[in-house]
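Colleague: For reference, the chains in residue letters:
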Amino acid sequence: MNNGTKIVTIPETATIEDIKDEIRDVKTFYMSLDNKELDKNFKIKSGQFIMCTIFGAGEFAVSLPPSPENDRFHLTVRKVGSVTDALHELKAGDKVGIRGPFGNGFPFEEIKGKNIIYVAGGIGLIPLRSSIVHVLQHKKEFGRVLVLHGARTPDDLMYKENLKEWQSFPGFETYITVDVGTPGWTGEVGFVHTLFDKANLPVENTVAFVCGPPVMFNTVIGELLKRGLRDDCIISTLERHMKCGVGKCQHCAIGRTLVCTDGPVYTYRQIKTLGEQI
Amino acid sequence: MYLIKKNDILQIAKALSTEYQVYGPVIEPGSGQTFFEKVEDVSEINLSAPIPAAPPKHIVFPQADRILSYRYAGGNAPVEMKPDFKETPKALFGLRSCDLTGLQCLDRFFLGQEFVDEVYRSLRKKMFIVTNTCVVPFKYCFCVCTDSGPAAEEGYDLNLTDIGDNFLIEAGSAKGKALCEKLQLAKAADKDLAEKNRLVDKSITLFESFSTESKAWVSRVMNRITTGFAKEEVWEYVGDQCFECGACSFVCPSCSCFNVVDTATGDCSCDRLRTWDSCSYEGYSRMAGGHNPRKPVEDRRNKRFFCKLSYSQSKKYLRPGCVGCGRCDWVCPGDIGMPNVVKYIRRETTSRDQL
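Those protein sequences? They're chains A and U, same order as listed.
Per our numbering, the very first residue in the first sequence carries number 1; after that it's consecutive.
Per our numbering, the very first residue in the second sequence carries number 1001; after that it's consecutive.
Simulated pairs of lysine to aspartate or glutamate, DMTMM-like, Cα-Cα distance not exceeding 25 angstroms:
1. 91(A) with 1080(U)
2. 6(A) with 69(A)
3. 6(A) with 1087(U)
4. 27(A) with 1262(U)
5. 79(A) with 1267(U)
6. 6(A) with 1262(U)
7. 1191(U) with 1154(U)
8. 1315(U) with 276(A)
9. 79(A) with 1282(U)
10. 1315(U) with 262(A)
11. 272(A) with 1236(U)
12. 91(A) with 1267(U)
13. 43(A) with 1114(U)
14. 1082(U) with 12(A)
15. 40(A) with 1080(U)
16. 1316(U) with 276(A)
17. 272(A) with 1233(U)
18. 6(A) with 1271(U)
19. 6(A) with 1080(U)
20. 6(A) with 1084(U)
21. 1086(U) with 12(A)
22. 1082(U) with 39(A)
23. 79(A) with 1271(U)
24. 91(A) with 1271(U)
25. 272(A) with 1299(U)
26. 6(A) with 1107(U)
27. 91(A) with 1262(U)
28. 1082(U) with 34(A)
29. 272(A) with 1282(U)
30. 1082(U) with 37(A)
31. 1316(U) with 262(A)
32. 272(A) with 1232(U)
Only part of the chain U face toward chain A is listed, based on derived beta-carbon distances under 7 angstroms:
33. 1072
34. 1075
35. 1083
36. 1260
37. 1285
38. 1287
39. 1293
40. 1312
Hint data in this document are derived by calculation from the structure and do not stem from the laboratory.
All C-beta atoms in this analysis are idealised placements derived from N, C-alpha and C, irrespective of residue type, glycine included.
Work out the full structure: start from the sequences and follow the hints.
Modeller: Laid out in structure tokens, this is it:
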């Protein structure tokens, strides 16, 4: 349940405390709300998103990588347009605006007791991180937990420290692959779905979370279905152009739903019926 | 129910102007077109003017509206934020029933869902609505097909009907009734109401001969659009015809998509503007980085008709999204206004000749 404060119309300011370089063009910004009372009540659910204002540049929708529990609030953002460019120019101590959190979020209670597969392509690991860390904190309540991460090159692997931690975490099975190896790379080479055999993917009583670029998404879904996973056991989070976050601007309309209020988390069964590209 | 002499009708607008900013149909001298505008002097209002070229939605949903201004000099400096919500009391005088229905659609959409839109609420608050029955339909009208006219049935404070020498005035709220009592208007008799009903019935029969441009059997296509049984070729044809000008959205009383941009007003200050947007534009769904899940124009075009006519979407308006004003048909350079598209879907044709 999300009983925290929701900032709907006018952004609240937050101060960037630390900035961490992740991979090329991707940085993580640790921040907290300036209004301390609000900061305490600002509770997120994994899979939700916020609207982030870069003063002077505009506002963008961004998924939330921190776990709802015991995790420092942060955003991980790729530099991809004028507003995110402006964010990347900011330094610790600078201020941004925040509205949210919005959206439905990943299921958590519903998937208890099941095997969980996370399949993340590239920066698709950012929105999944929230759920992975959350599940890690409650590992006892789940069956097998597999994290499969594929990136273009070893330099493009996201959250390297987390990956290392997950690789050695008891009960977590973490597999990593790259499309193209570099000299010195001793790990797997190939697209992320080529890990499925090696990982001996569970099918029964299993939920898969998939996030990544559209081409990866379609291949992975095809592979999972072929192996017998039900379409309502495949869960993803969609990305759309958004302006309001609260179901009014209609930019994120997909089929009869709005990604901001009905999503961004959908099962593949739902996605199939929406009648639009990923 | 009350009566007022035809020549005295603007006395009501005059009385409203002491408390409200009055808006009404005004004929623009140059173009001869009607616009629903703010008036300084109520004598500018012309109740017999044709349906306005643009709906009055700009009063509650301005084309470009500053919702926030802020100033931030960087670093530790505080962010000064000033929300800009306007709450001027407004009276809409002489609204047509289609436009009132459009306003009701916007109310339900902006105020009646999970999130209430504060910007809209502040603009919509403190409003006095006076509707004007269409005793004669106009060329592009088809409100009889969308259950939104020719006379308003609810949602007004006062409803006016031209019944010859007098206007019949029906009060739809305590606020409306109080104004009539204050002006000491004459009480109307049953025969006056009977005359109004006769005129409304007559108006409905006139659609056949007057509204030659528009007929839309909306209820028949709602089912097909909802269930996806509208033919793909029809959407392709509609897409081919679309100029992507966005005019249909801008003149639609119930279209409310908006964009939000921050524009610089000084070195460190910005205005956050909310502006009209249209789902027909290619950039509408394009994300940063260039990925666009809705590429082909027909894909974007059918979204608009889906939004107006599917059952699932009509839940947000509690009725079809189309109010039958016919303006999209009037402005569309590609001849794919609502009535034509409805006909194409219904007859499963892409040929103009078969309309």
